[in-house]
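Chains F and A, in that order, give the protein sequences. Residues in the first sequence are numbered from 22 upward in steps of one, following our numbering. Residues in the second sequence are numbered from 660 upward in steps of one, following our numbering.
Hints in this document: simulated from the structure, not taken from any laboratory. Just to be clear, a hint being listed does not mean it is correct.
Computed far set for chain A versus chain F, every beta-carbon distance over 12 Å [what the hints assert, rightly or not]:
#, residue
1, Arg-669
2, Val-776
3, Gly-842
4, Arg-861
5, Asp-884
With beta-carbon atoms standing in for the labels, derived distance ranges [to be verified]:
#, chain 1, residue 1, chain 2, residue 2, range
6, F, Gly-32, A, Gln-850, 40 to 48 Å
7, A, Glu-714, F, Ala-137, 21 to 29 Å
8, F, Leu-117, A, Ser-664, 37 to 45 Å
9, A, Arg-711, F, Val-139, 49 to 57 Å
10, A, Tyr-792, F, Arg-35, 33 to 41 Å
Note that this is a predicted model, so its numbers are computed, not measured. Glycine included, each C-beta is placed from N, C-alpha and C at the ideal position.
Each chain is listed here by its residues.
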Amino acid sequence: MIDVLQSLIDGLGRGSIYALLALGIAVIFGVMHMVNFAHGELITVSAYVAFAVVVTAGWGWWAAVPLIFGAAVGTSVAVEFVAFRWVRGSSDFTMLLTSFAVHFLVQAIFVMTMGASVRSFPRPEWADRVWSVGDLNIQVIDVAVIGATAATLAVTVYLLQRTMFGISLRAAAEDFDAARLMGVRSNKVIRQAFILAGALAGIAAIFFLMRTG
Amino acid sequence: MLEVSGLTTRYGAISALRGVSLSVGANEVVGLIGPNGAGKTTLLNTVAGLLRPAEGEVLLDARPVTGYSPDRMLRAGLALVPEHRRLFAQMTVVENLRIGGVTVSADERSERLDEMVELFPVLKDKRSTAAGYLSGGEAQQLAIARALMSSPRVVLMDEPSLGLAPVLVDFVFELIDRLRAEGRTMLVVEQNATRLLEVADRAYVLRTGEVAAEGPASELLAREDLFDTFVGVSDGSDTPDPQA
């Protein structure tokens, strides 16, 4: 029983990050009907920002957290503006190829400018702490990730169900042209979808980087 | 109020509309009738901004609005109740109405929502029901209510009575009459040509993407030769008996 509980906590701690990333991919797929293979690059960009802040500049994690989040959101919006906006309405295959192109382009840029060697940075001190509850060993980072993910999902559900932003996004996901007929601006709703996906990836990136360093 | 001149819309090499011109005056109900494939839906979709015309011009209140996107057209004051309703099936009745009022302020949206529930009492008890679970009549009323949420001055309706029970067909045409009394301008496409001509002020007959006839609705209603046009036959050899 203890093993099951231990595995459950460990699994939730790691799976929560993937849940946030998957939700971002689902938001983009809903509105654009495109599987965004470049979504993982938001974490790549965020990781280099974290490296620059924590190692190069020598600032602490308190400065890295908002910058990681901002980098993910900013990169997500930039990718939509630079790449996906121009192929909107094209065939699924064209959009899929574009997402692959963005994925390889971002990787190539970092390999050329930063090199291919693995870089690491110190993790926050509290992330390695372990709480022992009976026979259970609970990593503090797992508790933080699970809590943050639950809060993020609750806020996302509220946004999607209760706000005009969410209703517009859901309408566009169900029937894009009908949503436009209702007055939903296509550029705006897609940009908002990328902001939401970027925000979800940003939160995932913060905890992913805190865990891996 | 709405002027369309020389409108041509193509699907690839095929011209669905060929130089169509029509006008709809303020507070007027204008009918658009014709056989299947005549270009009626294409015309509405082009005017509403879902399709881009290859040629021609659309004026709304004498302002050129040709090629406007659907959301821009709505903000200019023109709404479309699309063919097959195109409700957001997974969203509730209230959410469908709220999205219809996305262009107005939150206060006005709430006010309009109450008005729509008054105007369409059937929606009152279904506020939290997903639109996909509504009956045909309820769904059609929701589609019209959703289009009215933005208080458009011009309403385009595509087959508003399609698939409805006779009693609901009566309701739809009474509603068109009521909306005209409220000062709205309407361009209505309808397969039920006789019913439409009874309620419309004027009408246009479309055939193979061109205007085949136009005039006051009462005059068109009296022209028996137009029956062939409505059912899409020309030589009379297989014309069904309209009295049958």
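Status of the hints after comparison with the structure:
Distance check for Arg-669 of chain A against chain F: the nearest CB is about 17 Å away, which clears 12 Å, and the non-interface claim stands. Consistency note on Val-776 of chain A: stated as away from chain F, and its beta-carbon is indeed over 12 Å from all of that chain's, at 17 Å minimum. At roughly 21 Å, the least C-beta separation between Gly-842 of chain A and chain F is larger than 12 Å, which holds for a residue marked as non-interface. For Arg-861 of chain A, the non-interface assignment is confirmed: its Cβ lies about 25 Å from the closest Cβ of chain F, beyond the 12 Å cut-off.
With 12 Å as the threshold on Cβ separation, the claim that Asp-884 of chain A sits away from chain F holds: the shortest Cβ distance comes to roughly 36 Å. Evaluation of the 40 to 48 Å hint for Gly-32 of chain F and Gln-850 of chain A yields a failure: the beta carbon distance comes to about 58 Å. For Glu-714 of chain A and Ala-137 of chain F, the Cβ-Cβ distance of about 56 Å falls outside the hinted range of 21 to 29 Å, so the restraint is violated. Checked against the hint of 37 to 45 Å, the C-beta distance between Leu-117 of chain F and Ser-664 of chain A comes to roughly 42 Å, which is consistent with it.
For the pair Arg-711 of chain A and Val-139 of chain F, the beta carbons lie near 51 Å from each other, so the given range of 49 to 57 Å is met. Tyr-792 of chain A and Arg-35 of chain F have their C-beta atoms about 39 Å apart, which keeps the hinted 33 to 41 Å range intact.
Against the hints set out earlier in the document, violations occur for numbers 6, 7.
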